[in-house]
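Q: If you want the building blocks of each chain, they are given just below.
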Amino acid sequence: MAAPLAWPSSAAVLGRTCGRWLFTGAAGGVLVLILLPLIFVVWLSFFRQEIPSFPPDGYSLRWFRAIWTNPKFADGFAMSLQVAVVAMLAGLLLGVPAALCIARFRFAGREVLNNLLLLPIVVPGIVLGTAIYVFHVELQGFFSEVTILGSIGGLVAGHILLVIPWSVRLVTASLAGFDRSVEEAALSLGATPVRAFFRITLPIIRPGIVASALFGFVVSFGNLEMTLFLVGAGRTTLPIAILQYLEWKIDPTIAAVSVVQIALIGTAMAITNRFVRLSRVV
Amino acid sequence: MARLALQQLSKQFASNIAVRDVTLDVGDGEFIVLLGPSGCGKTTTLRMIAGFVTPSSGTVRLDDRDITNLPPWKRNAGMVFQSYALFPHLTVAENVAFGLEMRRSTADIPSRVAEALRMVRLGGLEGRLPRQLSGGQQQRVALARALVIRPDVLLLDEPLSNLDAKLRETVRVEIRELQRQLGITTVMVTHDQEEALMMADRLVVMSNGEVRQVGTQRELYERPADRFVAMFVGRSNSLSGKIVGPGRFETAGGLRIACHEGAIGPAVLALRPERLALGAMAADCVNRLPGTVEFVSYLGASIDLHVRISPTDRVVVCQPNRADVRLPVEGDRIEVGWPADAAMVFAQETAPVPN
Amino acid sequence: MLIGPATVFVTLGLLVPIVILFRYSLNDFKAGVMMVEALTLKQYALFFTDPYFIAAFYRTLRVALIVTLLCIVLAYPLAYTLARTQSRWKNLLIMLIVLPLFVGNAVRAAGWMTLFGNKGFINVALQWLGLIDHPVRIMFTEPAVIVGILAVNLPYVVLTIQSVIEGIERAVEEAAFSLGAGPWTMFRRVMLPLATPGFVAGAIFCFILTMNAYATPVLLGGPQFVMMGPLVYTQFAVKSNWPLGAAVAFILMSATLVLTAGANLLVQRRYRR
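Protein chains in written order, with the working numbering: chain A, 1 to 282; chain B, 1 to 355; chain C, 1 to 273.
Bound conformation, chain A alone (with noise of 0.2 Å):
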């Protein structure tokens, strides 16, 4: 009797985690295909030969010291940090004080001025450079005495506009979670609004101010396509500088300055968090 009702049941059962291998499995090739190119440059920059060939003849940390005999990465690497931390503050300072109006506030047009905040965001790269490069070439037309074509107030001027969208997002999001009654809590209890907001408010969207803090950091450190247009002559951001060296070759030298990049960022990842789940914001 027991067989012939066992027999279907665990081909069913062996049907079913067979589709459930096939599932996982697909999930984790998707995975790897997403990490692969991070894997083999990270493998590539410890090679000892220069030409990239497989298998490699051995490995070297010597290129490592090599980035910097090549200026253009220092130099790079600087433009960029200091633009990222510039554009990251001022990125802040706009846009949480418009997150907290928009999450707060009932206005007319609440809605338009949220679309048009996030708008950076949506349109392309590209067309954002080509646009303030233009808008910069009508501004220098005007004010002949200063230099704002290829300036390094230009630059930051709109990296600062690629970080207000994350911050006024991340916040926004970080408030929509927000029990409004634990404000109405700290009035009853005698704090005028002004102390409830820095005593309680501040202190628990923190992690969403946190969080858009890297993003603007990170958004404005790896911008290509918008810097293009704004960087200057003479002057170089860290993504440009590697994109120009891997137009003319690829060797262990730039994945080496890749590498050096992916530990940053993923440093700063690491720090943000211990602050906040990462999970939870992106």
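Derived from the structure by calculation, the hints contain no laboratory data.
Honestly, I wouldn't trust all of these hints.
[Unchecked claim] In silico SDA-like cross-links for lysine to any residue, where the CA-CA straight-line distance does not exceed 25 Å:
| hint | chain 1 | residue 1 | chain 2 | residue 2 |
| --- | --- | --- | --- | --- |
| 1 | C | 119 | A | 58 |
| 2 | C | 42 | C | 19 |
| 3 | A | 249 | A | 234 |
| 4 | A | 249 | C | 127 |
| 5 | A | 249 | C | 137 |
| 6 | C | 30 | C | 20 |
| 7 | A | 72 | A | 267 |
| 8 | C | 239 | A | 262 |
| 9 | B | 242 | B | 340 |
| 10 | C | 119 | A | 43 |
| 11 | C | 42 | C | 240 |
| 12 | B | 74 | A | 58 |
| 13 | C | 119 | A | 50 |
| 14 | A | 249 | C | 119 |
| 15 | C | 119 | A | 46 |
| 16 | C | 90 | A | 275 |
| 17 | C | 30 | C | 226 |
| 18 | C | 90 | A | 26 |
| 19 | C | 119 | A | 247 |
| 20 | A | 249 | C | 125 |
| 21 | B | 166 | B | 134 |
| 22 | C | 90 | A | 262 |
| 23 | B | 74 | B | 54 |
| 24 | C | 90 | A | 176 |
| 25 | C | 90 | B | 131 |
| 26 | A | 249 | A | 267 |
| 27 | C | 90 | A | 267 |
| 28 | C | 90 | A | 173 |
| 29 | C | 239 | A | 235 |
| 30 | B | 242 | B | 348 |
| 31 | C | 30 | C | 40 |
| 32 | B | 74 | A | 201 |
[As the list claims (entries may be wrong)] Simulated restraints, written as ranges between beta carbons of each label pair:
| hint | chain 1 | residue 1 | chain 2 | residue 2 | range |
| --- | --- | --- | --- | --- | --- |
| 33 | A | 271 | C | 86 | 19 to 29 Å |
| 34 | C | 23 | A | 20 | 55 to 65 Å |
| 35 | A | 152 | C | 23 | 24 to 34 Å |
| 36 | A | 194 | B | 66 | 50 to 60 Å |
| 37 | A | 271 | C | 31 | 52 to 62 Å |
| 38 | C | 172 | B | 103 | 41 to 51 Å |
| 39 | C | 172 | B | 94 | 38 to 48 Å |
| 40 | B | 66 | C | 86 | 53 to 63 Å |
The model shown is predicted, which means the values in this text are computed figures rather than measured ones.
Backbone N, C-alpha and C fix where the C-beta goes; we use that ideal spot for every residue, glycine too.
Once you have looked at the hints, place chains B and C on chain A.
A: Using the frame of chain A, we list chains B and C on its own:
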């Protein structure tokens, strides 16, 4: 401690009138419960007392001060929120200390916090964060935080609705005892009539933004002002029909019933289930109607019998559960009766009635 | 108002420049004098009559559609697994997916170059296995660009779909199973309709990103494989033809917007509740 007085308090949101002409006096140390279905304006009324909602008209007075336009942080009203609204980034002790810090009475903060936590039996949990506490513990932190500032009035916004049934029972008694012991003037909002009946000194029944009746449990139950109150507080059978002559009521199903009061015209007859008698017990009643038992539910202390008395009318009869009486079973034919004064007659009205 | 400064900044920094860019695209271009003030659609006409530009346009559209389709299909298993996992490594997995997103497209292209080159890993591995005698050309082909962009876009799409699936109660799936639906039926009848907003958002994002890709086609496609993004840059910065560059930028932006809005409308109509 203080007396609280609401005078013709109204609130209008855009075209929607949330609260209309609420007038209420709360005595020193009294426990008032605002009771009504959701959307009846009870929470808006409470929030106007707390200062989160500015009244469109009317005044709020605390003792002899007019606090209508005072911001919440100057009112000295302790509030317990439905969600508790604990500060998630502060420990239990810091939560409780918050109100004292805002008052800059820094001297005895630790001892007052400790005392408040002892009062709600949370000693030893000072260093925990809210998310590390159970729902019941969070509720008690919220209570301690509201009480520690020695508020003039304690406001409770559905404070028990997030607790499970068993816990709710004990917390009701705890809050009530604490309130009596401190003699603190309290206004609570709830939609749970059992909770309201258990805790209140007096109840305020609200519906559609208006006060329907203010009174003690007994007044509301025995002399409801209108059909809404009769249906909302306790249970009632309602028979709709009309008054056809002095003391004579006829249901829509054609039953003729003797009653006391009422003007001629469409009306509703309300009957409390426990005032109905069955079989031999109904022998002396003015109104006796034959019926069929359709459904019996055994509730332990009492038994509910659903008896059909006409094709369109069915009444619930609540009988005490006695060992010596044989219970009717489903399908039994039986006589239902009640004295004339058991029937409460209300004019037909359009306002929605809770089910 | 708190919102004022940001609004002014975005309006001045984004809207005004786009208007000026549009104005530029209506200007005329003469070799030697560069831009000439005019009000003409000449640049747009030029674009749509020149086979070189038309080829670039269609190439970009084709790559964008293929990548978007592949992206949606490939992203689902990983997104679902991430959304439903109870593993304590979940946070690490998310980090692993977010990290490449932040590292930059050029760096990732470098990784693919290591794999795709004539002496790259793939060719060496295939030769070692004896499957091929001579290296196959992978670099500077359309498949190379598609794989490159696919890997760039997958993290965005995975995370978008994952967050939507997380918002769908597990109990809904269990209810479908208990009512006799198999995994495939459950996916088709329950998960797909519920997760449609996630799929649509992911697809739109992916499509926009591909249409405007820059570094990947430049590095993996080479100078012959011209897509719209690099074309804008070449016209602007290399050829100094601002009117034509502006027109190409506008055609790119309009094509992206029109196609995404159209797709959005179509899906909304089908899944209207």
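Q: Identify every previously stated hint that the structure contradicts and give their numbers, smallest first.
A: 8, 12, 26 and 36
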